[in-house]
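Student: The lines below spell out each chain.
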Amino acid sequence: MELGKLPEKQFSQLLKVHQMNSDKITKGVLLLSSFVILFVAGGMIFSLVEGAIPALKSFGLSFIWSNNWNPTEGKENYGALPFIAGTIITSVAALLISLPLSFSVSLFLGEYYRGTRIAKILGTMVDLLAGIPSIVYGLWGFYVLRPLLIDLGLPNQGFGIFTASIILAIMIIPYATSLSNEIITMVPNELKEAAYSLGATRSEVIFNVVVPSARSGIIAGYILSFGRALGETMAVTMLIGNANIVPDGFFSTGNTMASVIANQFGEADGLKLSSLIAIGLLLFLITGIINAIGKYIIKRMG
Amino acid sequence: MNSAAKITAANLSRRTLKDKLFKGLVLFLSLITISPIVLIIYKLVEKGYRQISLDFIIKTPPNTFEAMTALSNGELIPGGIANGITGTLLMVVLASVIAIPVGVITGIYLYENPGKPLANLTRNISDILQGVPSIVLGLIAYMWIVKPITSGFSALAGSVSLSIMMLPMIVRSTEETLKMIPQSIKEAAVALGVPYYKVILRVLIPTGFSGLLTGILLGISRILGETAPLMLTALGSSVINLDITKPTSAVPLLIWEFYNDPNMVDLIWSSSLLLMGMVLTLNLVSKRIAARTK
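Going down the list, the sequences are from chains C and F.
With positions in the first sequence counted from 1, the corresponding number in my numbering is that position plus 2.
With positions in the second sequence counted from 1, the corresponding number in my numbering is that position plus 13.
Chain F with its partners taken away, still in its complex shape:
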């Protein structure tokens, strides 16, 4: 072999080695990236599963003294997080009732008027709204609802902050879904002389239904675990409350309370496990629906 060929061969093997090293690095770092999800779920299950029972779902939390007694006797802390579960359901349902109709209709407006300046403005504003930190939405709902309307912390204020969070997600997912519907389907309806509102209700929405549902479920899974805005609006309650003008608990709010109370701190794991279960199930269901329609 002459020297030039030798250099080329050495060069090539150096480059192949570099290539292999880089691929190894990518694999290694990718593995590191997904390890937290495994570790977090493992930790929650390991420390939380014993507490999960029917009581945990249908009873309210003990007071800190009862919890202390149970702890010193080496027993499981009695009671559950029923006030949090009902509060979360109440606020999520109310937030959805506010956000879904407005969001879907606005999404349809954006889809129907693609080039209009107002539509572009709405689209840009809704993109920016999507990035507003949830704690700021808590401040807003405090100023809009807590002070002037319910004159005190309330489930309604919590729902409003959650609904502002959900609204832009639904707007954009609705628009993206409708864009994928073939134009000819809509044209066929229009050609038959169907009134505009019927085109929307009987053609656009049913055709894009699974896409809309995916967006809605993802939106709900996002707001389920929100804590910060609720601290400023719903505050929390030790009993089950279904009055939207009164302070209300939520599962994430309860986790925060347990975390700050040394006697109750054992309850954080089971509560988080339940919350994660709800969030991840919704997440996976919406992914499944999205995959099926593609």
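So that you can see chain C by itself, here it is in the shape it has in the complex:
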């Protein structure tokens, strides 16, 4: 029967049913696609755990605090401590080096030159820092920064924790500033004006009004940038010296969790591959926890 010949009531009913079905399907598709992310995340944890089981079975939990990384056949033993230590030391050092720099940039953008042309240019340039590929940072560190540090008397031909941390610090600056600059901009003018009217200077306003009221945003930004530093691979691999030892100082060589995976994956199988996957699992958990903390703080600010 042609639609046009249907009685009016029936036609509108038919249309409604048809439309309800299509709406249901649309909603179903939306729902399904949100499952994809959950599925991917769940699958990641499952696969990492599954891949790590042989290593965790052989070494138990001591895998985490053993510092013996020995791939020699027959005497095979793998412990993740050198890499966990290397990762945490380089990332903390990078965070400390980047602190004054990213704090200055967020004050420049959010307070001193807020909304001006020069702030726009500076902001774009800082954002571009986030666009430089990790491997290009590595090359620059290797060919420009390292010779400079050798001239300053750095041991180990300029390789090591210190060199890697400097490059890491530059790499994470945009992640710290983008959030804290936004929060600093949002500090209400009335608060600042009240302090000015009491005779405070600008730097006094910054330290007594702006920073305290933007505190949690600034901290969240630094936590998220710390999470970035933990997982950086290429630039660190090219500069840290790739020694599988627990670093004994700031200028020592070392290795990180990400860089040992990148370095040793090519010739790995069996127990070694499983150990690298176990390191990947640990890295996944650590960065996940750090990011969750950062996001939690942001959420609490509202």
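There's no promise every hint is true.
With a cut-off of at most 27 Å between alpha-carbon atoms, the simulated DSS-like pairs for lysine-lysine come out as follows [unchecked claim]:
1. F:K33 - C:K29
2. C:K11 - F:K211
3. F:K33 - C:K194
4. F:K199 - C:K122
5. C:K29 - F:K199
6. F:K300 - C:K297
7. F:K129 - C:K29
8. F:K31 - C:K297
9. F:K192 - C:K274
10. C:K26 - F:K211
11. F:K199 - C:K26
12. F:K211 - C:K297
13. C:K26 - F:K129
14. F:K211 - C:K29
15. F:K160 - C:K59
16. F:K300 - C:K122
17. C:K194 - F:K31
18. F:K56 - C:K122
Hints are computed from structural coordinates only; laboratory data are not their basis.
Using the hints provided, position chain F relative to the given structure of chain C.
Tutor: Relative to the frame of chain C, chain F by itself:
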């Protein structure tokens, strides 16, 4: 002047001085912060520009012996990075094909169901996914694709690792974009009795199009330069390969190979220059689009 006034005056000038010093420090440190970008681009241009030519884009790299001969004759290293460029394009396109539809639809789901527990869970998980180190994504794609599906390193595995990296960025940028669309536009469509899928396709997506595009371009610019996950998945290839089940090169992978080969090391600068050119152009274009729509 009595002594109290003297102290206040001295105190004030000390405070003003401190204020000026602090501002100077902020300016100085801000300048230091942006200097690497200038220095890096300068270095790449200075050492890489001579190699950039048509050949560099349409030819594959020489073998290490040819490179050595050219070096000892004091000539430019012949050949180019066509295998890397095609590989990068192949994997980025494939990753986008996987990530963009899922990401945009999930973003729409989050926007349409703001308070639902499932939406909150999805949002939190996607935030955490965004922070997963790229090397871990390489491990995942190795376990999911390289071993069971392509039984060997492949472009497909590389694309999958890149797409997992891109997915959460697109989800969040889609949701944020849609949130800025006035509710009344959507309500008008619904009031006309337009089916739900048409509201999405004809109203939400077109209205937020430039925002979506910005998010997508930023996502692509992020994955263009990724090296670590590709080392574990696509591996590299010395010839142009367009078969997604075979090992494939990419520009960052080639840079890594050149860096490790003393005869080819001169090629790192021009390759990096090209890669940076692509990344920064995408970056600036997406910023421009974002600024225009604001």
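Student: Please flag the earlier hints that this structure goes against, numbers listed from lowest up.
Tutor: 1, 4, 8, 9 and 12
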